[in-house]
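Novice: Given the coordinates of chain A, assemble chain B onto it according to the supplied hints.
Here the protein sequences come in this chain order: A and B. The first sequence maps to residues 6 to 240 in my numbering. The second sequence maps to residues 117 to 369 in my numbering.
Since the hints were derived computationally from the structure, they do not count as laboratory data. What you were told as hints is all true, and nothing was included just to trick you.
Cross-link-like lysine to any residue pairs, in silico, SDA-like; alpha carbons within 20 Å at most:
(1) 350(B) <-> 220(A)
(2) 350(B) <-> 218(A)
(3) 367(B) <-> 81(A)
(4) 357(B) <-> 11(A)
(5) 247(B) <-> 264(B)
(6) 350(B) <-> 84(A)
(7) 357(B) <-> 83(A)
(8) 350(B) <-> 77(A)
(9) 367(B) <-> 19(A)
(10) 350(B) <-> 80(A)
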Amino acid sequence: MAPQHTVQAYQAELQELRDRLETMTDVVYEMIANAREALTTGDMELAERTVQTDHQVNQQEVEIDRFCLEILVRRQSVAGDLRFILAAMKMVTQLERIGDQAASICHEVTDRPPGLQPTGADLVDDVAEAAKSVVDDAITAFLDEDVDRAFEAIDADDEVNEEYERVSRQVLSQMGDGELAVETGISIQSIAKRFERMADCATNIAEAIIFALDAQDIRHRDKLASPPTGDRDHS
Amino acid sequence: MSSTPKLSISEMDASYGDHQVLHSIDMQIPAQQVTALIGPSGCGKSTYLRCLNRMHELTTSATVNGTVELDGADIYHDDIDPVLLRRRIGMVFQKPAPFPTWSIADNVLAGMKLTGGVPDNADEIVEKALKGAALWDEVKDKLDKPGTSLSGGQQQRLCIARAITVEPDVLLMDEPCSAIDPVATARVENLIHELGENYTIVVVTHNMQQAARISDKTAFLMMGELVEFDDTSKLFSNPAKQQTEDYITGKFG
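So here's chain B without its partners, still in its complex pose:
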């Protein structure tokens, strides 16, 4: 198990205008593991995720302070191009959103099409990404059909394929299963587990059982503060903090 963190976050604050939503977060996210972020709505977990690939700053008046390092390099440094950064730190959203008029294959290649061009071995890349997203067998005979012709769960795996095509180091997932049914959820969870062997994954979820199922480590956030961060099995069997215990056992006050 790697002892060097993939992402190292220290004293990170995040605000929307005067409203501060994250308070001095310190966290070391391990490489090639799945880290889950849990906490009640409004606790700042989605904002946290968006700070990790500089999507937070896309919102008007949004600010970030503190440092976020990817392999030891500050991602907020002036020299860093946020667009290139997002190739290294990809994002999968709550609702699967393939480009509606694009074919399945073009959707997989979207990252390349939008950031510089598609290499000659495009077919190979599409196949590899779709296999990586456990979708190949279901779509290999209809790669020219629109991405939106797929079911919700398939669309989400298509979005995951799209995210891994550019070979990122880190995959951020914001509630990746909240808009899909239990069967599709099981497939995506299985995929997260498999991808976790090669990628560093940070996944926000409302579903505590899902966090327990899929993650190696779990962070519990409340009111913009990191309450507890530990091995998932430890956090769900013997949390150190009473606030964590109350939240995960369903004592919401």
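In isolation and in its complexed conformation, chain A is listed as follows:
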């Protein structure tokens, strides 16, 4: 077992932070599943319920941020603890945004004009599946403290972008051919974009986890003039 903090209350606070993050990831993960189901089935009640859940996620964001602030004030955290808390604050922001995207997808279902069928919902299946996979990797990387898994999440984001491009082209083409009503086409395009954004948020979570675990800041790594280094000596 990893060494424990001599101040037990501090140890307990860090554990509580981890538990709260886990709870929030559970809620957001379920929102994604529900949004996909509501999209496919047109289940208005489920869509409505998912939109309501977003308020809970917003609440969690604010509470976890405040809890992080309290820990920093009391403990003046350093090293791995500090990186974990900074990463937690970034994670909650990204989780809240993923929740927003799921809620917005549900709005597409609830706001659909009466009589308009969920035609074409299957068009977004692949991008939704690819996005879910990135979120899966990011959340698992957090739960298992697995840096490699976090890198997998980042790599998998490329596939989501490709799927999104593919949906866009297909929607345009089908609208052009008159196979898809313009209103439905725009709705599907918008939904696909929201899944693509979810994967971006999950990628940001993965980057925060890599920073917390390995002290590497890999954000914009190909684009910075002099990337910061954080090589860790495990001796």
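Specialist: The following block gives chain B in isolation, referenced to the frame of chain A:
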């Protein structure tokens, strides 16, 4: 930033009789920067500090092996006069200890009085040292009052003034804030930061947050061994060694 170290320590061991307290320390202390030494009680950090101006040998049965070079010259060489060496490498102690019966001005001049005499421009020297120690404005109208009439924080800054009067190259500070209140601590920390621009400072502290606040580099010692020595921002955000991580995050086993 200077690449030549001010103090170069290699394979330094220190003992009290049969009890070895420092084991083969290798460290290059950069010029005109603040270097903090942290570590648990008994890890040898105060002994380490006292080896750097040959105060360790003042203790009966104390021995030092290895080399300590100041600007490339071995301070343990037979030709070196320890008293003169200590003018170049001054020391500030945990508890401020001005000479009790001496005036503030005489305390500032103590180093000169005790090692050869006070030059004609004594008033100028006193003013410069007290300004350097950020104490001038508070004491300029009572320079003839006893040093002990000052508050604890002021006394500590008086001791710092006393140390810089002889224009040393290096200032060693052993827990300089542990006996003074937070306001005085802030003033002394501010002073350390300012002095670090002109002097090479090595400061021992129990307070890790203080090390993080005031130093450019931090060394972590444990059981008489140097575990890690790196830039302070690196050591406190991403220490290389697990022992360092456990100590600075408060996992004391």
